[in-house]
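As you go down the protein sequences, you meet chains A and B in turn. FYI, the numbering used here numbers position 159 of the first sequence as 159, with every residue one higher than the one before it. FYI, the numbering used here numbers position 241 of the second sequence as 241, with every residue one higher than the one before it.
No wet-lab data here; the hints were simulated from the structure. Predicted model, so just to flag it, every value in this text is computed and none were measured. In this text, a Cβ means the ideal position worked out from N, Cα and C, and glycines have one as well. Where hints are given, some of them may not hold.
Stated by the list, open to error - Listed next, the in silico BS3-like pairs over lysine-lysine satisfying Cα-Cα at most 27 Å (straight line):
hint: 1; chain 1: B; residue 1: 207; chain 2: A; residue 2: 326
hint: 2; chain 1: A; residue 1: 111; chain 2: B; residue 2: 461
hint: 3; chain 1: A; residue 1: 315; chain 2: B; residue 2: 207
hint: 4; chain 1: B; residue 1: 128; chain 2: A; residue 2: 235
hint: 5; chain 1: B; residue 1: 424; chain 2: A; residue 2: 219
hint: 6; chain 1: B; residue 1: 424; chain 2: B; residue 2: 466
hint: 7; chain 1: A; residue 1: 111; chain 2: B; residue 2: 237
What the hints assert, rightly or not - Cβ-Cβ distance ranges computed for the label pairs, FRET-style:
hint: 8; chain 1: B; residue 1: 16; chain 2: A; residue 2: 315; range: 34 to 42 Å
hint: 9; chain 1: A; residue 1: 52; chain 2: B; residue 2: 156; range: 26 to 34 Å
hint: 10; chain 1: A; residue 1: 99; chain 2: B; residue 2: 460; range: 23 to 31 Å
hint: 11; chain 1: B; residue 1: 393; chain 2: A; residue 2: 343; range: 19 to 27 Å
hint: 12; chain 1: A; residue 1: 248; chain 2: B; residue 2: 460; range: 51 to 59 Å
hint: 13; chain 1: A; residue 1: 35; chain 2: B; residue 2: 271; range: 25 to 33 Å
hint: 14; chain 1: B; residue 1: 419; chain 2: A; residue 2: 314; range: 32 to 40 Å
hint: 15; chain 1: A; residue 1: 322; chain 2: B; residue 2: 177; range: 53 to 61 Å
hint: 16; chain 1: A; residue 1: 115; chain 2: B; residue 2: 460; range: 39 to 47 Å
hint: 17; chain 1: A; residue 1: 35; chain 2: B; residue 2: 54; range: 22 to 30 Å
hint: 18; chain 1: A; residue 1: 419; chain 2: B; residue 2: 322; range: 31 to 39 Å
hint: 19; chain 1: B; residue 1: 270; chain 2: A; residue 2: 17; range: 51 to 59 Å
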Amino acid sequence: MSSPYGWLLSYVTRRPLTSALILVTAIVEPVFYMYALFLSADIIAVLQSGGGWDQIWRIYVVFFPLIVVQVGMFFGSSFFNEVIAHRITTDMTYDLFETLQDRSLTYHDGKDVGEIMSRATNDTRAVNYGLSPGVRMLFGSITVWGVGFYVVYGVEPLFAYAMLVIFIVYLALTISYAKKVAPLSKLSLETLVDVSSIASDSFNGIRDLKAYVSLSRMKRNFAKATATQTRVKEKEGEVGAWFYPDIILRLFILLLIGYATTLLTSGALGIDRFVLLLTTTAMVVAMGEELNWVSFILIQSLTATRRLHEFMNDKDPHYIMDGDVKFEGMSARIEFADVSFRYPGTEVDVLMDLSFTIEDSETLAIIGSPGSGKSTLTKLIQRLYTPTSGEIRLDGIPLSKFENSSLRRNIATVEQDVHLFNDSILENIRFARPDTPLEEVIEVAKIAHAHEFISEFPDGYETLIGDNGVRLSGGQAQRVAIARAIIVNPEILIIDDGASALDAKMEIQIQEAISEILRTRTTIITTHRLAIIAKADRILMLDRGRVIGFGTHEELITRNIEYRKLFEKHFELPPLEVS
Amino acid sequence: MDRKFSDRYLLGMAWGYISNHLRIFAVASVALLLNVVLSILGPVMLNFMLNAAETGDTLMPYVLGYIVFNALGWLARVFQMVNVTRLNARVVKEIRDSTFSNILENKIPFFDVQKSGELTSRVVNDTKELSELGMSMASFITDLLRVLLTIAFFLYLSPILGLFFLLFIPVVMVISILMSRWERKESSVWRRRFGEVNARFSDIMSKIAISKAFNREEENLNRFREINEATYRASVKRGLAIFLFWPMTDLMLHALRLIIIAVGIWQISNGLPLVNFIMFIVLLGYFYWPLINLANKYNSFQVASASLERIAKVSEDMDLREDDGGTLPADSICGEIVFRDVDFSYDGENLVLSDINFSISPGERVALVGHTGAGKSTIASLLVRFYEVSDGSITVDGHDIKDYDLCSLRRAVGLVSQRVLLFKGTIRENLLIANPEADDARMWEVLDMVQAREFIELLPKGLDSKVEENGKNLSAGQKQMISFARAVLSEPRVIVLDEATSAVDLYTEAKIQDAIETLLSSRTSISIAHRLTTILKSDKIIVLDHGRIVQVGSHEELLAQGGMYSEMYNLYLETQSAKYLEKIKY
Numbered sequence: 001m002s003s004p005y006g007w008l009l010s011y012v013t014r015r016p017l018t019s020a021l022i023l024v025t026a027i028v029e030p031v032f033y034m035y036a037l038f039l040s041a042d043i044i045a046v047l048q049s050g051g052g053w054d055q056i057w058r059i060y061v062v063f064f065p066l067i068v069v070q071v072g073m074f075f076g077s078s079f080f081n082e083v084i085a086h087r088i089t090t091d092m093t094y095d096l097f098e099t100l101q102d103r104s105l106t107y108h109d110g111k112d113v114g115e116i117m118s119r120a121t122n123d124t125r126a127v128n129y130g131l132s133p134g135v136r137m138l139f140g141s142i143t144v145w146g147v148g149f150y151v152v153y154g155v156e157p158l159f160a161y162a163m164l165v166i167f168i169v170y171l172a173l174t175i176s177y178a179k180k181v182a183p184l185s186k187l188s189l190e191t192l193v194d195v196s197s198i199a200s201d202s203f204n205g206i207r208d209l210k211a212y213v214s215l216s217r218m219k220r221n222f223a224k225a226t227a228t229q230t231r232v233k234e235k236e237g238e239v240g241a242w243f244y245p246d247i248i249l250r251l252f253i254l255l256l257i258g259y260a261t262t263l264l265t266s267g268a269l270g271i272d273r274f275v276l277l278l279t280t281t282a283m284v285v286a287m288g289e290e291l292n293w294v295s296f297i298l299i300q301s302l303t304a305t306r307r308l309h310e311f312m313n314d315k316d317p318h319y320i321m322d323g324d325v326k327f328e329g330m331s332a333r334i335e336f337a338d339v340s341f342r343y344p345g346t347e348v349d350v351l352m353d354l355s356f357t358i359e360d361s362e363t364l365a366i367i368g369s370p371g372s373g374k375s376t377l378t379k380l381i382q383r384l385y386t387p388t389s390g391e392i393r394l395d396g397i398p399l400s401k402f403e404n405s406s407l408r409r410n411i412a413t414v415e416q417d418v419h420l421f422n423d424s425i426l427e428n429i430r431f432a433r434p435d436t437p438l439e440e441v442i443e444v445a446k447i448a449h450a451h452e453f454i455s456e457f458p459d460g461y462e463t464l465i466g467d468n469g470v471r472l473s474g475g476q477a478q479r480v481a482i483a484r485a486i487i488v489n490p491e492i493l494i495i496d497d498g499a500s501a502l503d504a505k506m507e508i509q510i511q512e513a514i515s516e517i518l519r520t521r522t523t524i525i526t527t528h529r530l531a532i533i534a535k536a537d538r539i540l541m542l543d544r545g546r547v548i549g550f551g552t553h554e555e556l557i558t559r560n561i562e563y564r565k566l567f568e569k570h571f572e573l574p575p576l577e578v579s
Numbered sequence: 001m002d003r004k005f006s007d008r009y010l011l012g013m014a015w016g017y018i019s020n021h022l023r024i025f026a027v028a029s030v031a032l033l034l035n036v037v038l039s040i041l042g043p044v045m046l047n048f049m050l051n052a053a054e055t056g057d058t059l060m061p062y063v064l065g066y067i068v069f070n071a072l073g074w075l076a077r078v079f080q081m082v083n084v085t086r087l088n089a090r091v092v093k094e095i096r097d098s099t100f101s102n103i104l105e106n107k108i109p110f111f112d113v114q115k116s117g118e119l120t121s122r123v124v125n126d127t128k129e130l131s132e133l134g135m136s137m138a139s140f141i142t143d144l145l146r147v148l149l150t151i152a153f154f155l156y157l158s159p160i161l162g163l164f165f166l167l168f169i170p171v172v173m174v175i176s177i178l179m180s181r182w183e184r185k186e187s188s189v190w191r192r193r194f195g196e197v198n199a200r201f202s203d204i205m206s207k208i209a210i211s212k213a214f215n216r217e218e219e220n221l222n223r224f225r226e227i228n229e230a231t232y233r234a235s236v237k238r239g240l241a242i243f244l245f246w247p248m249t250d251l252m253l254h255a256l257r258l259i260i261i262a263v264g265i266w267q268i269s270n271g272l273p274l275v276n277f278i279m280f281i282v283l284l285g286y287f288y289w290p291l292i293n294l295a296n297k298y299n300s301f302q303v304a305s306a307s308l309e310r311i312a313k314v315s316e317d318m319d320l321r322e323d324d325g326g327t328l329p330a331d332s333i334c335g336e337i338v339f340r341d342v343d344f345s346y347d348g349e350n351l352v353l354s355d356i357n358f359s360i361s362p363g364e365r366v367a368l369v370g371h372t373g374a375g376k377s378t379i380a381s382l383l384v385r386f387y388e389v390s391d392g393s394i395t396v397d398g399h400d401i402k403d404y405d406l407c408s409l410r411r412a413v414g415l416v417s418q419r420v421l422l423f424k425g426t427i428r429e430n431l432l433i434a435n436p437e438a439d440d441a442r443m444w445e446v447l448d449m450v451q452a453r454e455f456i457e458l459l460p461k462g463l464d465s466k467v468e469e470n471g472k473n474l475s476a477g478q479k480q481m482i483s484f485a486r487a488v489l490s491e492p493r494v495i496v497l498d499e500a501t502s503a504v505d506l507y508t509e510a511k512i513q514d515a516i517e518t519l520l521s522s523r524t525s526i527s528i529a530h531r532l533t534t535i536l537k538s539d540k541i542i543v544l545d546h547g548r549i550v551q552v553g554s555h556e557e558l559l560a561q562g563g564m565y566s567e568m569y570n571l572y573l574e575t576q577s578a579k580y581l582e583k584i585k586y
């Protein structure tokens, strides 16, 4: 997989026979097509010499098998070419998906989904187009030029050699020209992405836009984006229209025909040969235009291949290596030892020298202002990121020694911004265990107090959510997310501010329902609900990545001033103990 | 099918955009005509050339004419292409701009039903379809003229042979139209499948953390393979439709050639000059390929007209527009709000609010309380006229809100909603949305107030730091702080806080209490919050249950009354109290 083209070729050579056959027919088929022109010329020759129908009939009957073979070959090569091209890009898309999915979260943080999708869609389409009809048409064009060369050679060898030179110059110019146009068409695609992102942003945020009376601002931004796109488009069209290699070819052919007419009048050239010259050169000119288009898509396709190859071989320095310890029958005791973390590419530590221990089956509440590092801490436990320094241990064994899948199978999360997938509610709940029967899913949904509202949808558990289905309210989405986590039956449960969109009544219900589950599991919960905080076995207070308090509620309420501030409004606090 | 827009309307709409660029259109049309005429003049010269060769006349003027006409034809083609693409690009820009603007002017209930993805597709993809319409229109005319001129030339050369060409036209047209219709069908299936693959791809990649956390990679891969392979199968079918079409056209061309040769030989024996026959052989392609293109264009026009209709449906329908008939300026309202017998229903059937009656004096602080789904947010939406009341009236300073200029009303009534949406751009741009005139000093002052200075200062570029798509680089609390800052910046006369601080932790909320105070103190305010402690200071609390007002009064009055409020408050208090801790501690 060293060179991009070798990589592309490795897909092609998986079907060596079909590929070879397509290539051969692609070259041979145009010869048959052009043979019809020769036959037409022969008929003219017969007519000129005053030959009769029986003479012509002999030529005429050759036509029929010729047509059948040509049309058959044309269909065979073009259709199977298309099939194989799609086979290749389908495999490529799959490989791309697999590779990307395997990359670390750090890698994905640095990548725009838009960019990934541009690789997955535009680039694979470009490769596809290059393979079919690009390559086939390239060979077809070259064959047409070859036949043209043969015909011209018959008229005047000197012109044939000139044609050869022109062909090379033409090809070189065309390629350099296509290289000039290709970036423009890429730019035009990119500017269109900007247009589309402003549009979708505005439609999503329409309520805010209307509430702040700022429609005109967005309209201005949009008009600016479309203006840029228009400029690129116009430029692209202009460059495309002035395809100067074309004029060179045309002038040459005109010169050739001018010369041929003098031969015609002098009688050195028969009218049948002259007609053959006219029809074949007309095809060469047509192929010239086609060659322009073909080289354009081939250039794009090669660029796309290079980009895809580069993308597939992107370095992922933060790839999380797999260990071999399985997390089975162990105690879920989590230890942080001097853990610091900094997001790659940033300059500030999000977590600094964290050291604390959560015992098996304990509940840890983490509190801190937005951006204090709460969510990051939970992601470190799931091993979505690895600490910059220090170590996290589970049952005394460093996290890095564990098999990732085994580890994650035993950890479930309810995240802060609930992300559900564009699928049915059923599939979303049994996300981690797709084989779970419906009855069990309903059980779990009941625990999460989601069953009631799900049953109210006409399609029940089959209701699609997201773009094509209903939009769940914040509270509903959160309850689905809770069900999704409970179904895992995890040893460690992480709830990242998971209850913020629920009102007090709902939260108490869920709280009661899952308290049974919580009791037997290690739970880490980031929240600002005082009741949950106070009831936790241990509380960790974070401020800008540092621990500013750790202990039980009773300890903190009597010793920690910051902690007391939280409760002051609502509780009669015991006296502050000065230690 | 119920069609709201006739073909005539759609055509008028398309022409309306084109007519804004009459000059380019005229130049493009002239170039186009020249191109066609010149391209047929070349072969005419060729005919003279051959005749002259036969009779031994001088060839030079014809050869020269042949070369000059060909060269000019090339130039005309360049001009045609330049101008047609320019026209296309500008027309599409205008259609895009006005479609986008028009959609934005539609009322909120429209957006409740329409998915933003689909609307974006109207603005981006359907308009792209139209850009090809301009191109197609130009080549349609070129092709038509070319076919007509060639036929005329043919009829002049030999009426009988020309007639055979004429007879062949309907055959080619019917076969081509049927074939390309089949291709279109398969293509649309394939495009849908391809879209599904892309949607899945981006869905998974944008939420990759969840898949990793839930160990879902393998299952994802299996499911992805399924739809990926389904797309492959669809593309094979589409390939069959496309690649049967072209051999088919070859076959028809061969057939035409054979017929022409057969008929030609018969005609030559009846005295047709050989040169004329030769012109038929030479010009076969001149006639045939434009004809095939014409058949193809027929279908692409249908596609374009469908696109135009889809665009018209979301952007030209005046029934969808927000009613902006009011003229009263709301800049200096005092903020007296009265709801009188207000009923409201989203779907015209189920009442979400019924018999809502209350009044708020200028400067008063009102809280709306109730369970999820009681109709609190709906009241807020009605006040800024996102929806129109089904019955009853809402007045501000004694005037019905419908009488106010809509923009002026919304500028006067600030709504900070639960769902924070930040736009892709910088933090500064996101703040300027609320108040385009705010300078840096003012922004920092406000950010200070809402406790957002600290985290913004930590960002690499401060106010100019990028907010990514959906603000994914900020935490939920940070987003709410920015949204809150927006509200403060906009300095409204009336403020509505709909769960404005739900994602901010208690600690931070306590810290931004000052900001809330400033925001609420000098103006009429309505706040909605789950956290009852934040509304204790309200002058008046309105308790809603299933769309009806069940209690109104101050906190003390309501507590004394008993009923729903005291239940809710006690429950809330309990969850926050030491007693509750005892209860749930195991």
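Hint consistency between residue 111 (chain A) and residue 461 (chain B) [alpha-carbon to alpha-carbon, up to 27 Å]:
holds, 19 Å
Would you say the C-beta atoms of residue 35 (chain A) and residue 54 (chain B) sit inside 22 to 30 Å of each other?
holds, 27 Å
Could you check the hint for me, namely that residue 99 (chain A) and residue 460 (chain B) are 23 to 31 Å apart, CB to CB?
holds, 30 Å
Distance restraint hint 26 to 34 Å, applied to the beta-carbon atoms of residue 52 (chain A) and residue 156 (chain B)
holds, 28 Å
Outcome of range test on Cβ distance (residue 270 (chain B), residue 17 (chain A); 51 to 59 Å)
Holds, at about 54 Å.
Starting from residue 315 (chain A), check that the Cα of residue 207 (chain B) is at most 27 Å away, please.
holds, 21 Å
Do the alpha carbons of residue 128 (chain B) and residue 235 (chain A) lie within 27 Å of each other, as the hint requires?
holds, 17 Å
For the pair we were handed, residue 424 (chain B) and residue 466 (chain B), check the Cα-Cα distance against 27 Å.
holds, 7 Å
Between residue 419 (chain B) and residue 314 (chain A), does the beta-carbon spacing fit 32 to 40 Å?
The hinted range 32 to 40 Å holds for residue 419 (chain B) and residue 314 (chain A), with Cβ atoms some 35 Å apart.
Distance restraint hint 25 to 33 Å, applied to the beta-carbon atoms of residue 35 (chain A) and residue 271 (chain B)
With a Cβ separation near 31 Å, residue 35 (chain A) and residue 271 (chain B) satisfy 25 to 33 Å, so the hint holds.
Given pair status - residue 237 (chain B), residue 111 (chain A), alpha carbons within 27 Å:
Distance ~35 Å between residue 111 (chain A) and residue 237 (chain B) Cα, so the pair is violated.
Go ahead and decide if the range 19 to 27 Å is satisfied by the Cβ distance of residue 393 (chain B) to residue 343 (chain A).
Once the Cβ atoms are compared, 54 Å apart, the range 19 to 27 Å for residue 343 (chain A) and residue 393 (chain B) is violated.
Checked against the numbered hints above, the structure violates hints 7, 8, 11 and 16; every other hint is satisfied.
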